[in-house]
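Engineer: The residues making up each chain are set out below.
2 protein chains.
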Amino acid sequence: MNLETDLNRFMQICQARAEAALDLRLPAADRMPERLHQAMRYSVLGGGKRLRPLLTYAAGQAVGVPWECLDGPACAVEFIHVYSLIHDDLPAMDNDDLRRGKPTCHIAFDEATAILAGDALQALAFHVLAHDSSIAVPASSRLAMVETLAKASGSLGMVGGQAIDLESVGKTLDLPSLENMHIRKTGALIRASVNLATLAHPSLDSSIADKLDHYAKCIGLAFQIQDDVLDEESDTQTLGKTQGKDRDNNKPNYPALLGLAGAKQKARELHEEAVDTLSGLGAEADILRALSRFIIERRA
Amino acid sequence: MNLETDLNRFMQICQARAEAALDLRLPAADRMPERLHQAMRYSVLGGGKRLRPLLTYAAGQAVGVPWECLDGPACAVEFIHVYSLIHDDLPAMDNDDLRRGKPTCHIAFDEATAILAGDALQALAFHVLAHDSSIAVPASSRLAMVETLAKASGSLGMVGGQAIDLESVGKTLDLPSLENMHIRKTGALIRASVNLATLAHPSLDSSIADKLDHYAKCIGLAFQIQDDVLDEESDTQTLGKTQGKDRDNNKPNYPALLGLAGAKQKARELHEEAVDTLSGLGAEADILRALSRFIIERRA
Chain A
1 MNLETDLNRF MQICQARAEA ALDLRLPAAD RMPERLHQAM RYSVLGGGKR
51 LRPLLTYAAG QAVGVPWECL DGPACAVEFI HVYSLIHDDL PAMDNDDLRR
101 GKPTCHIAFD EATAILAGDA LQALAFHVLA HDSSIAVPAS SRLAMVETLA
151 KASGSLGMVG GQAIDLESVG KTLDLPSLEN MHIRKTGALI RASVNLATLA
201 HPSLDSSIAD KLDHYAKCIG LAFQIQDDVL DEESDTQTLG KTQGKDRDNN
251 KPNYPALLGL AGAKQKAREL HEEAVDTLSG LGAEADILRA LSRFIIERRA
Chain B
1 MNLETDLNRF MQICQARAEA ALDLRLPAAD RMPERLHQAM RYSVLGGGKR
51 LRPLLTYAAG QAVGVPWECL DGPACAVEFI HVYSLIHDDL PAMDNDDLRR
101 GKPTCHIAFD EATAILAGDA LQALAFHVLA HDSSIAVPAS SRLAMVETLA
151 KASGSLGMVG GQAIDLESVG KTLDLPSLEN MHIRKTGALI RASVNLATLA
201 HPSLDSSIAD KLDHYAKCIG LAFQIQDDVL DEESDTQTLG KTQGKDRDNN
251 KPNYPALLGL AGAKQKAREL HEEAVDTLSG LGAEADILRA LSRFIIERRA
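Chains A and B, in that order, are what the protein sequence lines are. Under full-length UniProt numbering, the first sequence has 171 at position 171, and the numbering climbs by one with no breaks. Under full-length UniProt numbering, the second sequence has 193 at position 193, and the numbering climbs by one with no breaks.
What the hints contain is simulated information worked out from the structure, not anything from laboratory work. Virtual Cβ for every residue (Gly too), placed ideally from N, Cα, C. Some clues are possibly wrong.
Taking CB as the label site, the calculated pair distances span [stated by the list, open to error]:
(1) Lys171(B) to Ile107(A): 41 to 51 angstroms
(2) Ser140(B) to Ala29(A): 31 to 41 angstroms
(3) Gly170(B) to Asn95(A): 21 to 31 angstroms
(4) Glu68(B) to Ser140(A): 15 to 25 angstroms
(5) Ala136(A) to Pro103(B): 31 to 41 angstroms
(6) Glu34(B) to Arg298(A): 28 to 38 angstroms
(7) Ile107(A) to Glu34(B): 27 to 37 angstroms
Bound conformation, chain A alone (with noise of 0.2 angstroms):
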């Protein structure tokens, strides 16, 4: 057994996981109103690499946290990741038909429950952090999880990352600015994910999560460049989504500041920082340390 063979054994019983957990979090698709928690249900489910999940209930894995109790953090990041991308879909926004590989919300349905399924999923999300049964944690922590993914998702962290992406279209922006701009857009909540997994063990030694915590934030930055590469590289069928999407909205990305090579070479410098950091943890990291190498190598 590898470290590979036993990555995609993870990533799929993690997936399978997920899957399960989401679909008993969301509204049944016959409870009113229907139209919405159906295009709710159509957004998350049945799709999606799950990254932020995976990094949940991996991070939990190396600090040993019960999976029970990562189910309603995986569940909550997902929920505002998926909102994200129905907001970012948005004829207003980015304007997309397709994603992961089948028609967006708007599309699906139309663009006013797109809208409000989006609004709901971020009340989902905080509502899961709050009440969920599953979260054997004191108040307190639960309470240092809300007020994690509500930082990480606002103005200061994911939809701040948005805006910023959005402004910056047709302009010229140097690498600190367009570093920052991930690391607000994708990194923040990709953070969040692992930072809500540390969460979920109240007596953590603090370094530790600090460790974390950090690795966390270099896959977040070398996961936006590997998708910057992706938009360059790949078709739109192996992609799920608009190819060439960027470079046609004249968007900056990685590429076109460092090259491709320069690019791909950054990325893989954070996935060794990344892996670099957990060098205090045992074998229970080595799944992150295989998903920072995944993350860089992915082909979708």
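Keeping the supplied structure of chain A fixed, place chain B upon it in accordance with the hints.
Structural biologist: Leaving out everything else, chain B in the frame of chain A:
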């Protein structure tokens, strides 16, 4: 001094207090991303009846919670309310150009910024509840606040009501269906405004909390009926938003179902039920009584 004078004074004090508290909790306009933060501040500050913060402060006063402990909850419900207005006004939703007498967020800025400003305000609401140091209650009570607000805001509350509202354009709703829509669309957040105040008093007798909850349920519906009445009766200038919009959009409303006189009568009955519910409370609940009357007598 009579109740009306007291209410006027209370409203002025609360509106000024809420304005300052909201200002303090919003990111500065020159903080990056500037345009997003400007849009958030533009939509939140400088207007509105602040009915929800008023209710939080008034309910807090009725049960003896210090004002300082109510600023956070009052801001959280108002952030949710304003985000819902921003999204509601979007072209894909109600397509309104005017709100509180000034251009709506997507007109003053742009659609993408309006979507993101709403999203960020929702996250900010939960961040305030989880983080705000002014909320001096145990973590378990704060967590109950998060849960209450998340439930009131989501697909079974406010957003669900908006979805039902959208689906019912051009349809004939019967009275129970119309009521069900409004109980979610505006009623859920109005109840949350009151319930966050009682949660700020962790040792409060639950029967009193229940009474205030029922009061809030009554006035929430009365508020919506009066909104429908005003939509029929007022002119655009007094209303600060486009008059006759519901009728023009062929939206179901109370005057259409009950007649104008019948709608007014129903609002009066709900006001009386709200006041009756408070019969066990003394003068400390007078503002709540006066607010209930104000809601059915307001002209804008």
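Engineer: Each hint: holds or not?
Structural biologist: Here's how the hints hold up against the structure:
no.: 1; hint: Lys171(B) to Ile107(A): 41 to 51 angstroms; in the structure: violated (24 angstroms)
no.: 2; hint: Ser140(B) to Ala29(A): 31 to 41 angstroms; in the structure: holds (33 angstroms)
no.: 3; hint: Gly170(B) to Asn95(A): 21 to 31 angstroms; in the structure: holds (28 angstroms)
no.: 4; hint: Glu68(B) to Ser140(A): 15 to 25 angstroms; in the structure: holds (21 angstroms)
no.: 5; hint: Ala136(A) to Pro103(B): 31 to 41 angstroms; in the structure: violated (49 angstroms)
no.: 6; hint: Glu34(B) to Arg298(A): 28 to 38 angstroms; in the structure: holds (35 angstroms)
no.: 7; hint: Ile107(A) to Glu34(B): 27 to 37 angstroms; in the structure: holds (32 angstroms)
This entry does not satisfy hints 1, 5, going by the numbered hints stated previously.
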